[in-house]
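Q: Letter by letter, the chains look like this.
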Amino acid sequence: MPFKTSSPHAPLFAMLTPEGIERIHLSVLKVLREVGVDFPHEEALAIFKKAGATVEGSRVFISEDLLMESISKAPNAVTFYTREGEPSMYVGDSETHFGTYGTAPYAYDPYTGERTLATRKTIADAARICDALPNIEWSMPMGVPSEVPVSYADRHQFYQAVINQSKTLYSSTYTAAGLEDVIEMAAVIAGGLENLQKKPFFTTGINPSTPLRYGNEVIAKLLVVARAGLPIVYNSDPMTGGTSPATLAGTIVITVVEGLAGAILAQLINPGVPVIPGGGPGTMDMLTTVVGLGTPELGMMVSGTAQMFRYYKIPSYGAAGASNSKVVDLQCAIEATNSILLTALAGSNMVHCIGTIDACMTVGLDAFVLVDEIIATTRRIAAGMAVDDETLAFDLIKKIGPGGHFLEENHTLKHFREHHKSKLIDRQNYDGWVMSGAKDMHDLIVEKTHWILENYRPKPLPDDIAQKLAWMMKKFE
Amino acid sequence: MTDILNLIADKLYEGEVDTVTSLIKDALQQGILPEDILHSGLMSGMDHVGRDFKCGDLYVPEVLVAARAMHAGMDLLRPLLSQTSAAYSGKYVIGTVKGDLHDIGKSLVKLMLEGAGFTGIDLGTDVTPEAFMNAVRENKPDIVAMSALLTTTMTEMKNIIEALEDANLRQSVKILVGGAPVTQAYAQEIGADGYAPDAARAVDVAQSLLGNR
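Those protein sequence lines, which keep their order, are chains A and B. Numbers given in the numbering used here equal positions in the first sequence, counted from 1, plus 7. Numbers given in the numbering used here equal positions in the second sequence, counted from 1, plus 1274.
Hints listed in this document are in silico derivations from the structure and should not be mistaken for laboratory results. Since the model is a prediction, treat every value here as computed from it, not as a measurement. One or more hints might be untrue.
As the list claims (entries may be wrong) - List of simulated lysine-lysine pairs, DSSO-like, C-alpha gap at most 27 Å: (1) K57(A) to K37(A); (2) K421(A) to K1328(B); (3) K1448(B) to K1372(B); (4) K1328(B) to K430(A); (5) K446(A) to K1328(B); (6) K206(A) to K320(A); (7) K1448(B) to K428(A); (8) K421(A) to K406(A); (9) K455(A) to K1328(B).
Just need the whole structure built from these sequences, with the hints factored in.
A: So, in structure tokens, the structure goes:
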């Protein structure tokens, strides 16, 4: 469901001024040229060297020419598909698509609230919840299954998610071998790697070890996914004052440099492969040293990062809708709303982390139901308003005149459903609210969560594919 | 026969006035009894509207166009129905009390009542106790419905009830009150028979006061 292609009236919010963009760009060039980025991987270093980059040890220094030439080959938009091969998201321009997060070690039981280690069931339940919620457009396998061998956890994560939902899937992997296995399974679903390339329903994340460094295994994964010709997401997670400067502009520079350096390598390996750099620049909380994901600064930095990648004409990855609250509460709602609204208005393209609580440590299913509602309200705002003869309604105003009412007019009937409405938002007066059970929003969210768990059935995979995947999973038990 | 009646119910639900009236004419030509058209067509469609409205799938403007289709259908059927079988939910007199010019809530209750088959008189806004009293005397309604938006004007409701008592008219009607500042407790305190927090529930309360449901 696009945010903006459907609305020519969408407002676009700019966190950075044109001067700010230019200064960040100049600083990015200086860091690439004078500071460099570490790529501790023989093959990657050879590729950079061959392309004319200066390589010292595992450090790569990149010139403006190499940067501009490489990223000019990257597509300025990526279209993703559903598991069934239907177009699902146009990731580019100032379109925004919200998705979830992955790899939380713990989960809350949706009925008792008990916090336990995550299992395959955590992933399956979360996948079904997100499949059922219309405003969550893509998702990740949520939860690290604690009951399977840790070296195979990434295969189980992909499998449990992909059999329980149809939406575009970002599946984290831990090793190059894990990524190869997951791509093989995704290709089975798509009917071959070529089909998967043409209609990608699957992507994965290449995460730098901030600041300015990619790990050896991560680079190996980058090589695998670039050669497979699938879209690549770069997810930088700097923490202000910890792994990046305490300032927002300096942290945007780190995020952009890491993303661009990774994107250049992908273009050198497979020119034209889609890249989506960015990430979730957070703040380090200087009382606890925990990463702040619900902070106002996160939304500000993601908005600025989106502007920077639009400047480079490549789509951006972002983060929003996350909270440090341990449960779905007021803090959670405030933190998620701020960043979802901000990043949608700023046009960050592929935004992850929605429904995160406990800074990605615990899966809470009710959080997804909450953020689905927040995104619905945001959609309404981000679509803007049309101003034309129809919406100005002069003839109608003239017809009704002073003191009349508009309730019974066809114009009202035609347009009132454009307004945001929700069964989770109570707008009754006091007595009406008491008569309907005096439930607060969290009560309604929990009811909806339970309803989905008990009633929603995702589209099944075709039998032959389901059997083949199950057979492929046998070696990972 | 059930096909065309179901179609009438569906088209009423969709608020298609012209289609509903032409289907009713077709049904009459096919020899279907007006009573059956009323109950299995119009009323059945309106029940569906009411159910979906209560669970939040349908909204006020949609209920109002469905009600408009209901009226158009009733205009055709009324002359053909015997007195006993006519859809007669009850008669109301409605108004916003003296000193208060707020119209929309009162109008909404009126439209919803009519959608449920009530008929009656709208006295408008800024209605004096005397005007309420005269209307009751002349029209002999089952329900007197009053609305107020202001805390300063809602006290007028009490004056109206007292005026009806003084004129020995109180026992002949049920009194329904509503409006933003009005509560169940206030309704009891001033001796009203019913209170509803919103227009949809006003219909339920009106029907239960008259023992219709």
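Q: All hints, please: hold or fail.
A: Now the hints, each set against the structure:
no. : hint                 : in the structure
1   : K57(A) to K37(A)     : holds (21 Å)
2   : K421(A) to K1328(B)  : holds (21 Å)
3   : K1448(B) to K1372(B) : holds (20 Å)
4   : K1328(B) to K430(A)  : holds (12 Å)
5   : K446(A) to K1328(B)  : holds (16 Å)
6   : K206(A) to K320(A)   : holds (22 Å)
7   : K1448(B) to K428(A)  : violated (35 Å)
8   : K421(A) to K406(A)   : holds (17 Å)
9   : K455(A) to K1328(B)  : holds (18 Å)
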